[in-house]
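Okay, here's what each chain looks like letter by letter:
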Amino acid sequence: MYDLLKLLEDNARYSDKELSAILGISGEEVRKKIADLEEDGILRGYKAIVDWEKTERDVVMARIELKVIPKRDRGFEELAETISGFEEVQTLYLMSGGYDLAVTVVGKSFKDIANFVAHRLAPLESVQATATHFVLRKYKDKNTLFIDPERDERGVVL
Amino acid sequence: MTDYSLLLSQRAKNIKPSGIRKFFSAASEMKDVISLGVGEPDFKTPWVIRKAGIASLDAGRTWYTANAGLSALQKEISLYLKRRFELAYAPENVLVTVGGSEAIDLAMRAFINPGDEVLIPEPSFVCYTPIAELCGARPVPVVTKAEDEFRLNPDALRAAITPKTKLLVFPFPNNPTGGVMRRKHLEEIAGVLKGTDIIVLSDEIYAELTYGEEGHVSISSVDGMKDRTIVVNGFSKAHAMTGWRLGYVTGPAPVMEVLNKIHQYAIMCAPTTSQYAAIEALRSCDDDVLKMAEEYNKRRRLIVMRLNEMGLSCFNPGGAFYAFPSIQSTGLSSQEFCERLLHSKKVAVVPGDAFGDSGEGFVRISYSYSIEHIKEALRRIEAFLKELRA
Ligand SMILES: Cc1ncc(COP(=O)(O)O)c(C=O)c1O
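Taken in sequence, the protein lines are chains L and Z.
Letter by letter, the first sequence follows residues 2 to 159 of the working numbering.
Letter by letter, the second sequence follows residues 125 to 514 of the working numbering.
Isolated chain L, as found in the complex (with noise of 0.2 Å):
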């Protein structure tokens, strides 16, 4: 089942018969599996990566630290709750350590950042204090590489 998940996880785009191959598993079983890992809420999407940078649309990713002060009963889960309401929020995380948690987002600007923070979360009651860093560049996201991959240096030797 691991290794099914981590073929997934490198490329949701095998076709059913390549992953009975390479597992060798039948194509039913592989059917069956990923029914059942997306019924168990394992499996929870295929979505594409995009290199937004080589598009023509701007794009501006920030990643926000908040500290917390957690509700009496629920903790963070009413605020993790809204906050991942947003549509600007791609990540968001609990985190050990200096700040609670870790929001990344991202929008069309600087300025749409800075409002989001200043609109949307900062007014938020429990926030008590946030931190934005601006992402410079993506060099490896989702497991891939949004740089040249390292040059195939082998040769054929006979």
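Because the hints were derived from the structure by calculation, they are not lab data.
Yeah, the Cβ is synthetic: ideal placement off N, Cα and C, and Gly gets one too.
Take these hints with a grain of salt, some might be off.
[Said to hold, decoys possible] Below, simulated DSBU-like cross-link-like pairs (lysine-lysine); rule was C-alpha separation at most 30 Å, straight line: (1) K499/Z with K139/L; (2) K499/Z with K143/L; (3) K18/L with K143/L; (4) K415/Z with K143/L; (5) K469/Z with K33/L; (6) K469/Z with K18/L; (7) K415/Z with K141/L; (8) K34/L with K422/Z; (9) K140/Z with K141/L; (10) K34/L with K415/Z.
[Claimed, not checked] Which residues of chain L face chain Z? A partial, calculated answer using Cβ under 10 Å: (11) D4; (12) L8; (13) D11; (14) A13; (15) Y15; (16) K18; (17) G25; (18) S27; (19) I43; (20) R45; (21) I148; (22) D149; (23) D153; (24) G156; (25) V158; (26) L159.
Could you slot chain Z with the ligand onto chain L? The hints should help.
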């Protein structure tokens, strides 16, 4: 101007130059070629091994080692052979060499007298014939066939044996075919050799890349074979250490004495840094080796399925990291196939006849590449076949 051809040794001059060098230098000059040609791992040497090499340099361990190798490494190799293949060889009978390549060279030089015959299963790795020739032997190919899953056929072996037969090269798992010999096949070979004086040079460099439950069995572990077997192995393929140039050879003590003697004068010792790194490789990397083998296994299943699907009949290789499909259905020779594939679709694979005449009609396709790379290359090969057949 000196006429060197009058001066160079007749034996050296008679060695056939590799026919495919030209082909691959042409390929390497073309743009956007994707290769399935290489014969070495795509994985980097596991980090802990590299670190051990670096640490040895940091510590200034830059001297020669003992001729036979670091004693700690001889000991680790001895333990490894026991642990992985049930082979019992004392550390002092292990000789650390510059790759399996040197080990093969030493073994041939140690045994061959001019006029001796050396049996070489073919298709095979390219070094056995020229080295045997340099020693003055007569190389005798013994053809392995797709219908036998490229195993050495005991009857073919029996038929090739003459009173002059000195050495049987035993290259399994095989480059380029991927053929392997399971225990029962080895027992048949042992049966044929029984009562002869033939020495077996067992090149087990791909031992760790044997797929399926059974795993690699060394012919040396078969009843009655240990006394006549020289085992060659190394770090290139199993531990992804080709560039470190490190291998080893072991065998009966009186033989090892002679191998050591040649090695001592020809080489002094294997690279020191590599030896320190290899100690770490054997102490802590069995899991890395298995993981890499499992990756190759996935690619193997994919590539075999796809080749057969596109009509290139391909036997299911049991070892190494090569598929060896037949291209006879295209009506092209191996060379033509490879050249046309290179020029029309920019995919480089190795013509089967590079590995002996019996490789004609086949090509060697390495799966020592990422699955994505393999998929793209196969897509191009499929398009090439469609155009050929249209
Ligand atoms: C069958 C076989 N034996 C031996 C070698 C030599 O390997 P090394 O000298 O790197 O150990 C190779 C390398 O390709 C091989 O394919």
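| field | Hints that the structure is at odds with (numbers, increasing) | value | 5, 9, 14, 18, 19, 20, 21, 22
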